[in-house]
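Here the sequence shown stands for residues 908 to 1209, numbered as in the numbering used here.
Be careful, since some hints might not be right.
As the list claims (entries may be wrong) - Restraint-style ranges between C-beta atoms, simulated for each label pair:
#	residue 1	residue 2	range
1	SER1123	LYS1195	22 to 30 Å
2	SER1140	THR1030	28 to 36 Å
3	SER924	PRO999	23 to 31 Å
4	ASN1092	LEU1032	35 to 43 Å
Calculated from the structure, these hints are not laboratory results. Positions of the beta carbon are idealized from the N, C-alpha and C atoms, including for glycine.
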Amino acid sequence: MDWDKLRVFHAVAEAGSFTHAGETLNLSQSAVSRQISALEESLHVPLFHRHARGLILTEQGELLYRTAREVFAKLSMTEAMLSESKEHPKGPLKVTTTVAFGSTWLTPRIREFLSIYPDVRLTLLLDDNELDLSMREADIAIRMVPPRQPDLIQRHLMTVRVHLYAHKSYLEKRGTPQTVADLDNHDLIAYPPEAKAPVPNINWALTVGDPPQERSPILRVNSLYAIYRAVDSGLGIASVPDFITEGNEDLVRVLPDVAGPRIDAYFVYAEELRHSKRIAVFRDFLVKKVAETFPASHAQGA
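Whole structure, please, built from the sequences with the hints as guidance.
Structure representation (structure tokens):
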């Protein structure tokens, strides 16, 4: 199987069109089309269904794409490791984490990391869905649930605490709840039950009490960061991880003795990257920042 044609096929399968693949490869659309046709002829199978809206992989094309994707992912990992000296962290590093954690806690600390390691080319991928580390969609994941994928190395990074918060302006207008029962008379902000939440038991505030209650929120939104912004606007009360509210003096912890579920955050990466210097320095940097930000009891080793 011709390697150049396989490279072109991979680009076309990723892009979904000859034109976009050509832009990525710096080739003309006709040159890309010829390479794909030649590959199909050599394999004696069609790889794409061609139609007016673009290209769709055939069953045989899907099989080849899965293999090609894995090969190129391994090559990308190998290239990155070869470019890195054992003493000097260097090269690309893709880190994925949830939108809320990445936006509020992680991103403000990146400037310090890059000032220490300027040769690391860092990319942050903020996504509440889990990216596939084994397929090199990212090198590192910081996750609020234990990883389900096999062959991943995980380190417990910290334990996140969750409390109820409201803006000062809301409490001045509506009063401050003194008991859990008082939440029945307040505007609550929650996560949609049908949406996949980035942390477990995210809507505990709607049921907290003895016996458990069934409160209706004034707003549901499928983003913890958006929930935080809604609270910060004075809309109502919501369950928010403590790391999101750090430094915001206008937010008040409501019913401070009432806490939501503990959330364990994990630093996760693929087994193949065990000896990567970039992984090691980023992990050590995060562990140091966690120790500075949270009480010592929240940071634990693996």
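Results for each hint:
{"no.": "1", "hint": "SER1123 with LYS1195: 22 to 30 Å", "in the structure": "violated (43 Å)"}
{"no.": "2", "hint": "SER1140 with THR1030: 28 to 36 Å", "in the structure": "holds (31 Å)"}
{"no.": "3", "hint": "SER924 with PRO999: 23 to 31 Å", "in the structure": "holds (26 Å)"}
{"no.": "4", "hint": "ASN1092 with LEU1032: 35 to 43 Å", "in the structure": "holds (41 Å)"}
Hint check: a violation occurs at hint 1 only; the rest are consistent with the structure.
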